[in-house]
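Peer 1: Listed in order, the protein sequences are those of chains B and Z. Sequential numbering of the first sequence, starting at 1, is according to our numbering. Sequential numbering of the second sequence, starting at 1001, is according to our numbering.
Mixed in with the good hints, there may be bad ones.
What the hints assert, rightly or not - Derived, one-sided and incomplete: chain Z residues facing chain B with beta-carbon distance under 10 Å:
id	residue
1	Leu1016
2	Ala1019
3	Ala1025
Claimed, not checked - Beyond 10 Å from chain B on every Cβ pair, some chain Z residues (computed):
id	residue
4	Asn1006
5	Asn1009
6	Arg1012
7	Met1030
8	Lys1036
9	Glu1038
10	Val1039
11	Asp1040
The hints are simulated quantities; they were obtained by calculation from the structure and are not laboratory data. Beta carbons are placed, not taken as given, at the ideal position from N, Cα and C, and that holds for glycine.
Chain by chain, the residues run as shown.
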Amino acid sequence: MPKSRRFFNAPAKRELLLPALLIAPAMAVLLSLSIYPLLYSVTISLQQETAAGINWTFGNFARLASDSFFWTAMAHTFIYAAAALTCEFLLGLGLALLLNSQIRGRGLFRASLLVPMMLPTVVVGVVWRLMLNPDFGAINGTLARFGISTESLTWTASPRLAMLSVIAVDVWQWTPFVFLVLLAGLQAIPQEPYEAALIDGSSRWQTFRHVTLPLLKPAILIVLLLRTMDLLRVFDQIFILTEGGPGFATETISLYIYRTAFRFFDFGYAAAMSFVLLALTNVISVIYIRFLSHR
Amino acid sequence: MKRIENRFNFFRILCLFVALLFALAPVYWMLTIALKTEVD
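Could you build the full structure based on these sequences and the hints that come with them?
Peer 2: Here you go:
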């Protein structure tokens, strides 16, 4: 009997039936909640309604090129992501280096620094919205107590300061995550390269530059990748803090997609923008991996 | 050398306290307003 026939005989079929039945519920959930919406969004992004009916076209994607709101939102997204990522990385790395030694109360410091990350984004948004209130907020109240004039500091209500405010809130909430991953990376570095560097007479900076940083590369790659993906698709925090305003000063691409889909009910165009954002996130991730895994 | 080391440790503790202050001040403020109730 050929091997393929033997595989499909009755006992083998029975053996396959049980695993197939056990996997079926998970597959059904996956298909209905992930695959079907994805395929549906692909179809609506390729459809446009005209008087004659529904046309299959790349019109939604072509429209993006001439949409100034889209490009403004894209610029805001990149400014927001670049500024927040830089601050989070530098602060997180600094804190990880400071806590990567035997100092008294290290556990307490580490646990306390992680508190902002544990809070839900909605809570963070609401609390910071109150704190940044120009009339009764804690920020202006504290500054006024030190004798600083707060008349022009309207934070989320000012087009100039609104972007700075949303970046600061993200940095406050997510620096602990960067710190945690980098600290784990630092503690996984073996002691031998440091001993060799010490024997060779290298300075603190040389040790950091030629021993710590290269050995920390995998942790840096992970943290940059995860934070970039999160920052590019940010929605909830900005929505609670400013709703994209004042005007469109803090409208990122996710907020513009939301506005297009649920205020103007143009789901096809919103789906097309989502795919562009997905493609961009993928391209940036690949660049990171290539750049940082290159020896 | 010992003096430089001590100064570095002081700087490290100072930085950590500043970081701790920035991390926990909003949480403290959140707790104070959550525990306050206005009465006539």
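Peer 1: For each hint, tell me whether it holds in the structure or not.
Peer 2: Evaluated hints:
no.	hint	in the structure
1	Leu1016	5 Å, holds
2	Ala1019	6 Å, holds
3	Ala1025	8 Å, holds
4	Asn1006	13 Å, holds
5	Asn1009	7 Å, violated
6	Arg1012	5 Å, violated
7	Met1030	5 Å, violated
8	Lys1036	12 Å, holds
9	Glu1038	13 Å, holds
10	Val1039	18 Å, holds
11	Asp1040	19 Å, holds
Consistency note: the structure conflicts with the earlier hints numbered 5, 6 and 7.
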